[in-house]
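Using the sequences and the hints given, assemble the complete structure.
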Amino acid sequence: MIKKMEYKDYKVWKIEVKNAVAWVTIDNPPVNLIDMNFLEDMERFFTQVKTDDDVKVIVFQSADPEFFISHFDVTALTDFPEETGPVATELTGWKKFFMEFRTLPKVTIAKIEGIVGGGGNEFCLSLDMRFGAIGKAVFSQSEASIGIIAGGGGTHWLTHLMGRSRALEVMLGVLPYSAEIAERYGWINRALPADKIGQFVEMIANSIANIPSKTIAIVKQSVVVAEEMSRKEALLEEGHLFAIAASLLESKGKMNQALDIGLQTREFELYPKRILEGLKKLFGE
Amino acid sequence: MIKKMEYKDYKVWKIEVKNAVAWVTIDNPPVNLIDMNFLEDMERFFTQVKTDDDVKVIVFQSADPEFFISHFDVTALTDFPEETGPVATELTGWKKFFMEFRTLPKVTIAKIEGIVGGGGNEFCLSLDMRFGAIGKAVFSQSEASIGIIAGGGGTHWLTHLMGRSRALEVMLGVLPYSAEIAERYGWINRALPADKIGQFVEMIANSIANIPSKTIAIVKQSVVVAEEMSRKEALLEEGHLFAIAASLLESKGKMNQALDIGLQTREFELYPKRILEGLKKLFGE
Amino acid sequence: MIKKMEYKDYKVWKIEVKNAVAWVTIDNPPVNLIDMNFLEDMERFFTQVKTDDDVKVIVFQSADPEFFISHFDVTALTDFPEETGPVATELTGWKKFFMEFRTLPKVTIAKIEGIVGGGGNEFCLSLDMRFGAIGKAVFSQSEASIGIIAGGGGTHWLTHLMGRSRALEVMLGVLPYSAEIAERYGWINRALPADKIGQFVEMIANSIANIPSKTIAIVKQSVVVAEEMSRKEALLEEGHLFAIAASLLESKGKMNQALDIGLQTREFELYPKRILEGLKKLFGE
Chain P
1 MIKKMEYKDY
11 KVWKIEVKNA
21 VAWVTIDNPP
31 VNLIDMNFLE
41 DMERFFTQVK
51 TDDDVKVIVF
61 QSADPEFFIS
71 HFDVTALTDF
81 PEETGPVATE
91 LTGWKKFFME
101 FRTLPKVTIA
111 KIEGIVGGGG
121 NEFCLSLDMR
131 FGAIGKAVFS
141 QSEASIGIIA
151 GGGGTHWLTH
161 LMGRSRALEV
171 MLGVLPYSAE
181 IAERYGWINR
191 ALPADKIGQF
201 VEMIANSIAN
211 IPSKTIAIVK
221 QSVVVAEEMS
231 RKEALLEEGH
241 LFAIAASLLE
251 SKGKMNQALD
261 IGLQTREFEL
271 YPKRILEGLK
281 KLFGE
Chain D
1 MIKKMEYKDY
11 KVWKIEVKNA
21 VAWVTIDNPP
31 VNLIDMNFLE
41 DMERFFTQVK
51 TDDDVKVIVF
61 QSADPEFFIS
71 HFDVTALTDF
81 PEETGPVATE
91 LTGWKKFFME
101 FRTLPKVTIA
111 KIEGIVGGGG
121 NEFCLSLDMR
131 FGAIGKAVFS
141 QSEASIGIIA
151 GGGGTHWLTH
161 LMGRSRALEV
171 MLGVLPYSAE
181 IAERYGWINR
191 ALPADKIGQF
201 VEMIANSIAN
211 IPSKTIAIVK
221 QSVVVAEEMS
231 RKEALLEEGH
241 LFAIAASLLE
251 SKGKMNQALD
261 IGLQTREFEL
271 YPKRILEGLK
281 KLFGE
Chain F
1 MIKKMEYKDY
11 KVWKIEVKNA
21 VAWVTIDNPP
31 VNLIDMNFLE
41 DMERFFTQVK
51 TDDDVKVIVF
61 QSADPEFFIS
71 HFDVTALTDF
81 PEETGPVATE
91 LTGWKKFFME
101 FRTLPKVTIA
111 KIEGIVGGGG
121 NEFCLSLDMR
131 FGAIGKAVFS
141 QSEASIGIIA
151 GGGGTHWLTH
161 LMGRSRALEV
171 MLGVLPYSAE
181 IAERYGWINR
191 ALPADKIGQF
201 VEMIANSIAN
211 IPSKTIAIVK
221 QSVVVAEEMS
231 RKEALLEEGH
241 LFAIAASLLE
251 SKGKMNQALD
261 IGLQTREFEL
271 YPKRILEGLK
281 KLFGE
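Chains as they are written, first to last, in our numbering: chain P, 1 to 285; chain D, 1 to 285; chain F, 1 to 285.
Keep in mind that the hints were calculated from the coordinates and are not lab data. Careful: at least some of the hints might be erroneous.
Intra- or inter-copy, both count: the list cannot distinguish identical chains.
Said to hold, decoys possible - In the SDA-like style, the derived pairs of lysine to any residue whose C-alpha atoms are separated by at most 25 Å in a straight line are:
id, residue 1, residue 2
1, Lys273, Gly198
2, Lys281, Pro193
3, Lys18, Leu175
4, Lys280, Arg231
5, Lys136, Phe200
6, Lys4, Glu43
7, Lys50, Lys232
8, Lys136, Thr265
All values derive from a computational prediction rather than experimental measurement.
Here it is as structure tokens:
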């Protein structure tokens, strides 16, 4: 029997693994600042979890009902060197971590129920999915108000998520945004009622945790392929990834099982309609 | 007098051409599966319609009020070879057809009033526009639940339509989605009231059918240019396409005709405002 | 004392500079057509403003409550040469201006309270942000109805803003669109109540005008970097731009000032929540 990975000795993160989902609770009073403790925990966690085959999904949440992650510790920036060197040739520090989150063969989710801004928002942008609580989540990317910019990927990912016009509005207007507008701008996947977001994220995390690990890895890879290759190359590579997925014994088992219980019969195929009605009742439209 | 193309001997598609619009009704009980009959009809139709100058717009709809297109026949996948070859060098099969839909100098529209998923959804993604009926359309891309992925362009087009975060949510959360959320995610052009979607699609199809064939071809080409060329190249090519369109005798006739009936007068230019008020009354906001 | 730039002798534009915001009012009866007078004013204004260090933000608005900018003067197009030359190698004319708007180290905003279409819409697409008045703004890109295409960047920017499916719907369906749908399609940043859009645009313009000029220039550059470079290159360049911004004396002053007045204390960090509540009361959700 293989020993379960233990997540101990963290300073400001608390990690609990249930049913292949790692629930990471950020608890760094008074405002969940990204300081040295936070960064150490991030590095330690990432190093551990990437080799932990028991974890398929990672959900980040906050112990503080008013703050998700405020921002990067500004005291570390006030004596920035006046001489700026040449453009770097390799990603380092948290930018490197953030990029690794994107290609990690596990799914990362932010459950945002409070204020998030600056580097905290950049942390969220590096994750696979973001859900925001209506009336509680508050989003901003306001570095420009103190003369600097969102240099940890913020200018890059905001532009790609919401387009240049809205990204410029957010980064230069330096206003706070509600979950509803964040959803409309593509900043988050969806705005959910504050009393239902926990249930929703638990449902989707557990649903993903039911997918075979290899399939999760292939789907995440397919999205990178879609984003980074030219059209034709990407479609050919997608075909190749499909062949790998379809050739897995686990997939064949699941396909046969689905056929056995009625896949392709009218009754079975109507099932999504009933699920959707249930989702509407629970989480609204 | 040139003979009209006849669309006969189809197995599960019924095709009727009215005013330069081909209405294709999919009728493949029990759940509009993509099986051999469907694929044969698709190939036959595509071969015919691409040489049919009488058709400017193609609308796909379903004979079944509960299903648009369910998905690809899974029985054809359960004995997928265990050895996967190298990445292919050319698009083949339906991926090739799907790409040809995109560059066809005709406009393709899906009127989705029922359940659509898997390969059925990939079929829709390959078309130019998608409209969904509120309360009736149900969208999913849930291959991962049986271990496989959306290998017919699904991972590619979903990522481009809705961004990686929502595409990952859809493909790994394996949940069904309503027309309203599909619209917000960019999955479909618009969600319409179920009792009005027919009228809306008829209106827009007929409106497009009034555009000169050459202009339709040039507009579709301009979108491919926008997507595939670098910014400067694309803008220069757009200028070239404009010159071609503006030099057409048919365009000059239409420009002069518009000027004759009042283009650039205040009364004429207020016309869109009145049309918009009518659209709001008919189809809501 | 440096002399303030004066904006005089304009034919159909009126320019007033207040608190680093240039308010440009378009007044070209009867329908704010893009004619020779408009184009001359555009060129003159652009030449002046790009060297005017007193201006950080430019807002375009209309003197006519029913029209923002109708479209390009069609009488100039009816005798377009029948022979079309080769693809040009350099951007010229208004396409060149439009591209320069995008990289200008100042922020450009359209406050759209009436009808806008054709070249008028292309003008708006070339600006950094667009806001539309609910019930008053009417959007279209309908060149195809007279056989031509949106050759001044319209096919390019619409495709990038709203994706190919909605861009094809707009350009080939040739229908008018409300501010609400324009927001959902990504055509504009946001739809605002008609009696509040003035206050909103004034607020955001003044908020941007408080950002240091150098930071505005760097943020705009970061968005171009995000759009045009490959992922890794872009992230490395963003890091470099961050270092430049963080090394500015003005930035260090602002960071220290923010820390002095309570940045990173719980009370200070709750501030965005209170601002957001105020914004919701003023402008709705």
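Verification of the supplied hints:
| no. | hint | verdict |
| --- | --- | --- |
| 1 | Lys273 <-> Gly198 | both (23 Å within a copy, 21 Å between copies) |
| 2 | Lys281 <-> Pro193 | both (12 Å within a copy, 19 Å between copies) |
| 3 | Lys18 <-> Leu175 | between (38 Å within a copy, 21 Å between copies) |
| 4 | Lys280 <-> Arg231 | neither (36 Å within a copy, 38 Å between copies) |
| 5 | Lys136 <-> Phe200 | both (16 Å within a copy, 23 Å between copies) |
| 6 | Lys4 <-> Glu43 | within (20 Å within a copy, 53 Å between copies) |
| 7 | Lys50 <-> Lys232 | between (31 Å within a copy, 22 Å between copies) |
| 8 | Lys136 <-> Thr265 | between (44 Å within a copy, 19 Å between copies) |
Hint 4 from the list above is the single one not met by this structure.
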